[in-house]
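Residue numbers (the working numbering), protein chains in the order written: chain Y, 782 to 1202; chain A, 782 to 1202.
Calculated from the structure, these hints are not laboratory results.
Be careful, since some hints might not be right.
In this list, chains with the same sequence are indistinguishable; a pair is considered to hold if it fits within one copy or across any two.
Claimed, not checked - Below, in silico cross-link-like pairs of lysine-lysine (DSSO-like), each with a Cα-Cα straight-line distance of 27 Å or less:
| id | residue 1 | residue 2 |
| --- | --- | --- |
| 1 | LYS1097 | LYS1129 |
| 2 | LYS1097 | LYS999 |
| 3 | LYS976 | LYS999 |
| 4 | LYS1107 | LYS1182 |
| 5 | LYS1098 | LYS884 |
| 6 | LYS1182 | LYS811 |
| 7 | LYS1131 | LYS1182 |
| 8 | LYS976 | LYS1129 |
Protein chains: 2
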Amino acid sequence: MSTTTLEGFQVLDEKSLREYLKKTPSLSSKLGNDDDLDNLMIKEVGDGNLNFVYIIISPSAGSIVVKQAIPYVRCIGESWPMTKERSYFEATALKRQHGLSPKHVPEVYHFDRAMSVIGMRYIEPPHIILRKGLIAGVEYPLLAEHMAEFMANTLFYTSLLYLTTTEHKSAVAEFCANVEMCRLTEQVVFSDPYKISEFNHWTTPYLDTDAEAVRNDKILKLEVAELKSKFCEKAQALIHGDLHTGSVMVTRESTQVIDPEFAFYGPMGFDVGAFIGNLFLAYFSQDGHADHGNDRKTYKAWIVDTIVDTWNLFHKKFTNLWDIHKEGPGEAYLHEIYNDVELRELVKQKYMSDLFHDSLGFAAAKMIRRIVGVAHVEDLESITDLGKRADCERRALDFAKMLMKKRRTFNNITDVISAAQ
Amino acid sequence: MSTTTLEGFQVLDEKSLREYLKKTPSLSSKLGNDDDLDNLMIKEVGDGNLNFVYIIISPSAGSIVVKQAIPYVRCIGESWPMTKERSYFEATALKRQHGLSPKHVPEVYHFDRAMSVIGMRYIEPPHIILRKGLIAGVEYPLLAEHMAEFMANTLFYTSLLYLTTTEHKSAVAEFCANVEMCRLTEQVVFSDPYKISEFNHWTTPYLDTDAEAVRNDKILKLEVAELKSKFCEKAQALIHGDLHTGSVMVTRESTQVIDPEFAFYGPMGFDVGAFIGNLFLAYFSQDGHADHGNDRKTYKAWIVDTIVDTWNLFHKKFTNLWDIHKEGPGEAYLHEIYNDVELRELVKQKYMSDLFHDSLGFAAAKMIRRIVGVAHVEDLESITDLGKRADCERRALDFAKMLMKKRRTFNNITDVISAAQ
């Protein structure tokens, strides 16, 4: 059976998309009158490997984005199947996260489970993917503040610091079904980089011995096993699951988090670590982008400040939410038990310290996999001088290996920065 | 609406049970011919607070037990509702555990979800509840071996050491629905003992200051919060969830684990700790049962040996299963990554060390709650001299508090025993 007709599913093209929009009031109502609907400007912009993404602009009124998941990896074809049900979890997570952090998550207008179609706000220019801004050397003065707010809100409110056990277990169960996406992460983040895999690649021959050293590093493999167990077993909060700098769109004033198709109940540190780890990748790539006109030193300092601010503001906002809701419904720390000021400080310190160490561990895992695993990052890949790129990658890799092994010895983010410098 | 007619549910009495058996082939087939079915000996023996339990013996052929959960707490009445769906999770867990440890879990013959009825093997005399044997001072030479086998098999084979992520997440999701039982545990084990609660009681006035000290012990409350988080968030394996010495039936030759109605995907250490913690409660209660004829010193030595053997044999059997299945489907430690002998030893040491510390922490939590929480144990309650009982309880409580706080400093079970002595 062709996957394109499975259970009412059909891969949209521009023509069928136009028909789809006309018969879908929740979308057509955003796009003006019948005349507008006959003259929509439609552009396919899916630059990822998985989905189709259409920008739809009305001649006189409004715009939307339509994203369709297809049941295989787009850039490979039907030979690499991947559940289109990821679209359901993406839509569910987007709605939940928009509710919790409305300024930093686009609104969903429409979801069609059979068609795996999400209709949502078009994040208009001059928004660009953060990773591209980081490569271009653009500073985003509000990025740390915004990302801290997104992470604090989405993680706190979906955890047992706020939810009852009944709410939490029900949500955990629902997102257990996003298992195919979890399996993909387990493979590409926690497994493939540590073994011979046909999917792995690296800047060869420069990093051949570095990649081999990763595969033979017993302590590193001991540590990554612990992180993998946390990823698989610790249902702490609804995490985005893929919070790298390619899942964030920015202007100087605005920050929008997109693409939570890997969302599930996992360890909070996986989100915080993904973002910080990718900022570190941007940091280590800067020397490869330096030229006579711009040595990127100022920009490296800005990235460093952004990493520091991201953690510190996240810490502040997260514990602030905890304080606000200390007498709330959350099951984890009942107010009748944790009602003493000194005890509450102790408890918060311990919780945030554990979360910090988790975040550093996951940050390291995300960095390593981007250098010796299957999917690399444009920050480094766009350095055309391979020797120069390999130097950047080796520094990033050595830092990440140290970070994974020594993460529990760091008490604050500035010490981590010092180690990176 | 009366709960007794809800959705085809009806509380059985002896008369309706006889009718039920006749029309249920999977049960009647165990009980002989029509003449036998007309002359069954039926005895209600539910000594717990929750369920009805009937022993049914045929005049000439066979016997069974029928257990019915009712939608409220039996000893209180309909004013304290409790989901009868626990019966579904009990039956599901019994079947899974029987499959994994057939010698130590009774076979389920029949399950009726609407009626919350489980028909299962009658665990015949001279089997008695282990707790009663421990109070009577009876030695069970195979107990440690059998419990180690039950725990190793049921925990290993339901964890990511053996299961794929797909199997694991599917099972986690299913048991998330046993949330009411999880909530009950969270309340009575991890919350009530650490705050003022109408349900708490203790041997008053002797332990009044001890109970108050528990409520005011900041470090203890910090530690119990971590244990509670693990209980709520760490979906490590299908745990029994209530593995105290009242959930085990024994003879000198046989050990049968029953009543897994609290089963869900949680931390393995909760089961190991429940069993060990309850053996420690039996140990500390012995001085209260000593008399001129029997100072119980020999018996205390046997309990101590049983605790040591339980952990050490569990460790041996569990890691042995891991070795056997090291190239199996388990997602946690893929053989291609953990293929080095030295690395495999490192990984096992770390895993078992973490599990040991979890087990000690949960053992301590289970001891504390039985002394200052709502539900006490007969080991201590049966000591009629209140002063003597309070002495035993205080020693157990002090040991448990120390154990919870210092659990990470213990490297082996014999050091824990030394601390108890």
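Hints versus structure:
no. : hint              : verdict
1   : LYS1097 - LYS1129 : within (11 Å within a copy, 38 Å between copies)
2   : LYS1097 - LYS999  : between (36 Å within a copy, 23 Å between copies)
3   : LYS976 - LYS999   : within (12 Å within a copy, 45 Å between copies)
4   : LYS1107 - LYS1182 : between (37 Å within a copy, 26 Å between copies)
5   : LYS1098 - LYS884  : within (15 Å within a copy, 54 Å between copies)
6   : LYS1182 - LYS811  : neither (49 Å within a copy, 62 Å between copies)
7   : LYS1131 - LYS1182 : both (24 Å within a copy, 19 Å between copies)
8   : LYS976 - LYS1129  : between (38 Å within a copy, 19 Å between copies)
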